[in-house]
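Chemist: Both chains come to you apart, so use the hints to assemble them.
Taken in order, these protein sequences are the chains called A and B.
Taken in order, the first sequence gives residues 1 to 470; the numbers are from my numbering.
Taken in order, the second sequence gives residues 1 to 460; the numbers are from my numbering.
No wet-lab data here; the hints were simulated from the structure.
These numbers were taken from a predicted model, which means no experiment stands behind them.
Using N, Cα and C, we set each Cβ at its ideal position, and we do this for glycine too.
Among the hints, erroneous ones may be present.
Stated by the list, open to error - Pairwise CB distance ranges (calculated): (1) 302(A) <-> 310(B): 35 to 41 Å; (2) 271(B) <-> 232(A): 31 to 37 Å; (3) 285(B) <-> 292(A): 33 to 39 Å; (4) 271(B) <-> 216(A): 20 to 26 Å.
To be verified - Far from chain A, some chain B residues (derived; all Cβ distances over 12 Å): (5) 32; (6) 283; (7) 303; (8) 334; (9) 427.
What follows is the residue order along each chain.
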Amino acid sequence: MSALFRLEWLHVRRDPAFWLATFILAAALLYGLANGFAWTRFEASAVAQATTLADQKLAAARTDAAKFDAAPPTNLNPNLDPRDARGFEFAYLRRFAVLPPSPGAALAVGQSDLLPSVLRVTYRPRESFLNNYEIENPLRLLLGRFDATFVALYLLPLAILVIAHGLLARERDGGTLALLRAQPLSLARWLAARFILRGGLVLGVFALTTVVGWLALGGAPSALGAVAIWLALALAYGAFWFALAWFVGARAATASSSALTLAGAWLVLVVLFPAGLNLTLKQLYPPPSRAAFQDTLRDGTDDATRRGSQLLAQYLEDHPELAPGPTAANENDFFRTRFAVNAEIERLAGPLRAAFAAQLTRQQTVIERLRWFSPALVLHHGALTLAGTDRTRHQRWLDSVGDLHARTVDFFEPRLLRSANFRDYDAVPALDFRDPPASPAALLAALAALLLPAAALLALGTRTLRLSAL
Amino acid sequence: MLTIARHTFTELTRDGRFRLTAALLVVLAIVAGLAGWQQVNALRAEAVAAAGGERDRWLGQGNKNPHSAAHYGVYAFKEPRPLAVVDPGVQAYLGSAVYLEAHKQNEPLYRPAQDGTALQRFGDLSPALVGQALLPLLVILLGFAAFAGERERGTLRQLLALGVRPAHLLLGKALGFSAALALVLAPLAVLGVAAAAALAPAGQRTDELLRAVAWVAAYGVYGGAFLFLTLAVSALARTPRTALVVLLAFWLVGVVALPRALSDLGRSLHPTPSSIAFRTELEAALGDPHARETLEAQRIAILKKYNVTETRDLPINWSGIALQFGEERANGLFDRFYQNLWSTLAAQDRVFQLGAFLSPAPALQLVSQALAGNDTAQHQAFLTQAEHHRREMQRTLNGALRDSKGSTAAFEWGKIPPFVFNPPPLTTALTPLLPSLALLLAWFAATALLALATLRRLRA
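With the rest of the complex left out, here is chain B (with noise of 0.2 Å):
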């Protein structure tokens, strides 16, 4: 068996096709990676100093009422996550700077592909792309006449009649083709290693590398998958052409057509609304006239708490506590409103997930960008923690406004901490993307016994 995965390598490396494809493979990944490394850095550096900007101006606002500051608010930035070197996922699609100001929960702004070409919509060339698409390719090209090739010369017949038993030659043929890959790999692998290791921040570095090697592996069981299943029908095609033309067409549809097909179909199953109309609806839920009766009765309830008849002689500043009740009441409609959008967003992505019942890719695009950090899901999580920051920004200034009656001290604007991000660990972020691995790790399984189960009928 071992002979058989040596002398598979060393065709292998010498075959000058597979050279060139490899090393272009290789290239290609490591440059679009080194641009990759160079623009989180960029964009990294942009945030801090951005973010640093913000505190300056909040920390210097020098006496100035509560609720002005609150609506001056502040700008939470997002910096880019170490991975993004390897898989920038949806990072050019997302905004990575939201307002936090008074009343409103505000849509991020600034999507990094705004200020692109309608270029970048062939794909960013990353890591990622040339792992997803060019990867399985690769494998495609150099093992379609692993089988059907030695069967059309004869030497199949020989090989058996030598008394090699086919599992033997299937796992030989494997390990060659897997060691040939593994070269092709080994840059990917240093590459999303060495980001994590390099630019994760202190309190995150374990977080990441656990994340950086996730992601080799994946990659490792997604071009498994796709080695077995060009063994398997190598073995079972007349001819190395069928072999060819039929594992092209699964590539095709499986990891070109696919994608996009399912996302599509996400869209027309659980259809989102247009902006215009889903604002419509908020800006009226959050005018409703109701809630001026019910701020009324609080009012009147506070009056007697009191028991003052006015709310000029209230001990407290009232307005303090309208604004908070505005806030509140407005924080449930967001929250409502959001957590619908999301929940179908959510349902769209699900619909993609259940293609990996009919190609490996899909799983692995999702679980790839979750391990960068760069799925929907990890984005939403920076936008509810800054809402989270606004909200409690929102009731310190608002209490603070509340107690301010008859000073005439300015606001400690220290008292509102800066926003930092947590990013959520690694098992948090793969819990919804459980039924992606299960299905990467089946169709790595799936495509073994295919491929031992065709060989074990050679024989016959």
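Isolated chain A, as found in the complex (with noise of 0.2 Å):
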């Protein structure tokens, strides 16, 4: 075998397709690693940004309570006053919930440019604050990232269709196959030896890249771990391309009929069944109308108002502490009718939210389960999971934002109605996000998902060839 190897090394030294290919897949993954890292940093100076206000807001309260304090100033308004709950809450609370990129982010920039990552949380209702979309050229969404997961969802096959198409019918189409049969070597070890070389150098040299322009490029060593999964799922990947493309070529009669049939196999399950499943999943559960929500909030907020004083005294019935005692200042009336009126809000908005939310786990619930039909979406969904740039991951960190805006409605209440000598800086509601562990059984699936399908394909190939060299 080793002499076969040596025998086929000579000849991919001196095959210009198959370095080049080589080539521009390198260079497309080291400059898809510099994007995702370009925009981490991104993602990361904007959650610095929002970190820092914040902080610098917190102190200046502190500074100025201390100073007003010293020498009370005359005539200060209380909505600028950080003594005041309402000064405090209104000109210098600036806290921001944050997702931060997870440790591998930049290997797949996934849903991240799409959906908000810093979210200015306040006490009143959620959809104040809950668009904040991150600025974005709208072209570059529609289009997608160059990123790492890019080139090895997309790139990678196609690299592998060019190198390996015309490994065994080229012999066929040049007639050199019958003298090849009358040696004495099994076509299936030495078309072997052709594909484990080839795609030993091109894996190897698209594995190498991968770490190399990791670390290169600035990302964290600690991060390897994610890099090496990912990269256990992008070679996988690869290893199943090839193997279609020995089960294709055992096949194919020609060399330009077994490129056809790889860049069809392509096209279906890179292109059209992720986009045709999208368009089944949009018309089967469309999500409700954004428009008809926005209606109905402002419906809802308008009557709501006019009911005021009514839904006042309910609010009131459900939070007795809140009911206006001996002293109580007419000026309160405003916030507790406010309060009331965005309980009322949130009342309403919460079960069309929910309706949201609910179309969108019907899509992904069939996205997870047909995925297995397409290594394409296989590689995609554990790519953006390991990046932590998924849906599933935002909706959760979703879930922690509604719970902070709970408890900050639930801290500023009361303080706001009784707002003078407001000190409880350090007791301000903050998020509480983590991530789960990552679960090998997910990964260990997506890993038998590609490779199951590839050793099926090697072995329907190699008993193809067997039977045609009897």
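Modeler: In structure tokens form, the structure reads like this:
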């Protein structure tokens, strides 16, 4: 066998198409990684800006409070006084819920350029802050990013197509196959050597470029675990395409028809199946209308404002601690009514928001089930999960944001009513969000979903070769 | 020449592979188009209903301080454009509702893509995607062997020996292929024109129909460029396999990889600020304390004009003037901040447009979106018009407040007209894309010349 490899190496060395494809793939991978890092750094800087702003404002609140305590200013608007809960909330509190990029985020931009990751959570209704998108060119959102996952998903199979489509058929086209058959050597073994050598080289260069690129472009060595898992998925995906090329090559009459079949398979598995599935799911489980959602909220807000006093009475039944005491100031009625209206909007919006989430979950469930039919979806799903740029992680974060919002309302409502002498700077609720540990079972399932079909294709292709050799 | 064309056409239409692929493409385009049609209808009905609700609420405000009404504000909804049926463009990635309220220029809300899964990032299946990505692939798959195959079989030499002129051979083949491809393009054309005719509002029908025709023509030119390129490579290549691999590689780089690479390059050359940095700076500028001094100077001037010493003695309501002063000051800041941001986005898109030197795909993508009315610029036109409406609304309301001194009569809410979006006409939409149009035509001409030149060499 080693003699075969040596002989094959002589061929490979002088095959310009092989080296060109490998070089372009490696260059694209490096560019993809660089793009991923550029985006991750941008996101991290936005998170840092939010954190810095929040800290600066909080420090300013303490400093100003101490200053005003030492020398009480005359005519200070309570809405600008950090010692008043209203002033603190309005003029000083800039608290953001942030979703920091995961250690492996540079591998796949995923949904992170579309879904907001910095939200300023206040006691006001959630819709007032949930739609704070990151600034991004819509054309780029439409086209998608040139990141490492794009390179693995789209370009790796095409590089393999270029390299492997004619490994057998070219001999057939050239008429040299009969000569080979005359040798005391099994066709499958000879072809295996050609595939293994080229596959090993391409995938080896891919792996090396990933690791070296990751470290050279400033990726954290601590994230190499995530990189390794991503690489395992990408290589298994590559193995699937080599196996497909083996299977197709064993049957195809000419090199051209082998290339055509592989291109068709790529089109179906990487482009048409995902896009068609998306279209079908949007028809089956369409999201509710956002315009109608907005309409309902506006109507509800109007209605709530009109029924302000009635709602207020109801609200005070639920919150007796907020009922006006003997010193009840009139101005508090404004806040009480506002809280009651906010609570009413939240009551209206909650089920509607849940309806959007439910349709999305239905779509997501079907995708998770059907993804096993397309290796591209297996890799895509795995890569996004690994990079923490998938919808599921974002939804988990949004759930924490919802929880933070509820705690913020609970924190501020009583304090805004008895707003003077506010010192609870440290007690302001903060986001409680943690990533769950990665699940090895999901990773193994994904690897199996890529490698099992690969093995089946290899076996079928080998059988065809054996039969045709008889 | 016509004989060659007829022969090529018959050969193609009898080929099972062509029939299967072409049928697949047509079915995909039609299914995607019908889904788009339904989507446009649904979105439009929802936008109209929501806008109606807003109008009713606005008119039914009763006796209310005009400035409370300004804070209450109104939502402007963007209706989908008719040609979103064939190319939804960036529609899914832009918000379609803007809140028009006192003091603030708000960002549009609710991007449809936010309610979708990550699958949509594989590309929304639309007639435009079929035309941009799959049509060239079909051309390549059908045409790569046009000359290389004949050469391999030895029939090319026979044809030339018979005295068939290479130019005739090329044009004949091109004509035959075009006729076959027209069978695929025809349903797309029908879909586009039908959408424009059926879905356009009465006043915009001519414009939309022109857009639809130009849209079909753009895809024709694009397909033609790929056809000539395919024929040229097929004539140059020694074997059909080489022709196929070279063409597939061009398609892969030019259609699949280049657009993404260019758009990421645009971002690294012309970076946009983060949303939080943008907002923080804008807020800081809006809260600039110098404004108070200018306002005070204005107050003194007005007191002098009416020859009084106290604001309360003025015959007009001072708060109306003060609020309008604040509006106008803020408007200047909004203009500056948003113009900066939008010019950065435009610079990114110009980088993308330059990429059309390397492949016709970026040019077609931009032109197609613009013709369908679904590019960034025409969305910004919606935002600009909505913002203009907001400013006019504030001016009217603050004027009413200014003149309301001593009066208890309710403001007539109908004096504020409902917001109506007038999409920019075709010529305005295409002006920034003249380089793309020129490059698209240049690709067509260059590939045709290349094909002709390679065939001349064949004879030698």
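Chemist: Are the hints correct? Go through all of them and say.
Modeler: These are the hints, each one checked on the structure:
Roughly 38 Å separates the CB atoms of residue 302(A) and residue 310(B), a value that falls within the hinted 35 to 41 Å. Under the hint 31 to 37 Å, the C-beta atoms of residue 271(B) and residue 232(A), about 34 Å apart, fit the expected range. Checking the proposed 33 to 39 Å range against residue 285(B) and residue 292(A) shows it holds: the Cβ atoms sit about 36 Å from each other. For the pair residue 271(B) and residue 216(A), the beta carbons lie near 22 Å from each other, so the given range of 20 to 26 Å is met.
Not every Cβ of chain A is farther than 12 Å from the Cβ of residue 32(B); the closest lies at roughly 6 Å, contradicting the non-interface assignment. Distance check on residue 283(B): its Cβ comes as close as 10 Å (rounded) to a Cβ of chain A, failing to clear the 12 Å threshold; non-interface status is violated. No Cβ of chain A comes within 12 Å of the Cβ of residue 303(B); the nearest lies about 22 Å off, and the non-interface call holds. At roughly 15 Å, the least C-beta separation between residue 334(B) and chain A is larger than 12 Å, which holds for a residue marked as non-interface.
Chain A leaves residue 427(B) outside its interface by the beta-carbon criterion, the shortest separation being 22 Å against a cut-off of 12 Å.
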